[in-house]
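J.: Sequence:
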Amino acid sequence: MDLELLRTVVAIHRTGTLTAAAAALGRSQPTVTAQLRSLERQLGQQLFERAPRGVVPTAVADELVARVAPHVDALARVAERGTGSGDPSGRPVHLAGPAELTAARVLPALAPLVRGGLRLRVAVGLADDLLTGLSAGRFDLVVATVRPRGRETRAVPLTDEEFVLVAGAEWATRIDRDRVARLGAAALRDVPLVAYAEDLPIVRRYWRAVFGTRPPGPAAVVVADLRAVLAATVAGAGATVLPRYLCADALASGALVALHEPEVPPINTLFLASRSGAEDEPGVAAVRRHLLTAAREW
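Heads up, the sequence shown is in the working numbering, so the first residue is 76 and it goes up one at a time.
Derived by calculation from the structure, the hints in this document are not laboratory data.
Among these hints, one or two may not hold up.
[What the hints assert, rightly or not] Using C-beta positions, here's what the derived DEER-type ranges look like:
hint: 1; residue 1: 135; residue 2: 357; range: 48 to 54 angstroms
hint: 2; residue 1: 101; residue 2: 311; range: 36 to 42 angstroms
hint: 3; residue 1: 289; residue 2: 204; range: 22 to 28 angstroms
hint: 4; residue 1: 235; residue 2: 189; range: 22 to 28 angstroms
Virtual Cβ for every residue (Gly too), placed ideally from N, Cα, C.
Turn these sequences into a full structure, and let the hints steer you where they fit.
T.: So, in structure tokens, the structure goes:
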């Protein structure tokens, strides 16, 4: 059976669409379609069924990919090492995660490995996009803010991020923390909100978990970077909810003030995800092991 045809069926299985598989393989969609049809003719069985958004694997495809994917991945890693320049550190490890945690925690934690010869290629983005990239083979490891799914993905808890309701020092002088403790969200009704996205994902999680209600109205400021949310809040734009690791220094200096300290603060578990079998590569294994150890102190 042709290895290229097997690579194609594995890519389609992981990405869920012919278009995404073609992009992951660096081929045209008609080529991927032709290769799929060729393999189906050889097997005499249908591998995928059309769906409104892509394709759905049949039981035959599930069984085939479960058998061949580890070997296809292993051969790909051998090929990548064979095209290198002889660097003893091997090919770069491709890592992805949320921009803020990657900058504040992940990259500083990996600096010792880089000094020892590790090469890193790092991408940032949203969890769903990054996990799709992991399945497609674009990344070796992904720090994900949601629990990854799929039989070919191995995921372990990495760390918990605790969420804190904060405001800049100027707003904090106007907000009675005792009223917040007594009245909850009602005490914050007139305070502008600074948020990561229009649907207030982090703010909404805090409001529901702590106050048992939805946050009021639209945000006053929306910016898709929690570091910018932090900066706007410190400058006096309003109140927000941030991971404690990101705002710990501002809280310690007094630039930010925690408006509420619930007995059980909301948390979100982050996961370290990899494709099954990818940890066998020394560089990937070293990064994975180092992050899991470092995260105990986060």
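J.: Check the following: the C-beta atoms of residue 135 and residue 357 are separated by a distance inside 48 to 54 angstroms.
T.: violated, 35 angstroms
J.: Does the Cβ pair residue 235, residue 189 satisfy 22 to 28 angstroms?
T.: holds, 26 angstroms
J.: Could you see if the CB distance from residue 101 to residue 311 stays within 36 to 42 angstroms?
T.: Roughly 49 angstroms apart at Cβ, these two residues miss the hinted range, so it is violated.
J.: Indicate whether the distance between the beta carbons of residue 289 and residue 204 respects the range 22 to 28 angstroms.
T.: holds, 27 angstroms
Going through the hint list in order, the structure does not satisfy hints 1, 2.
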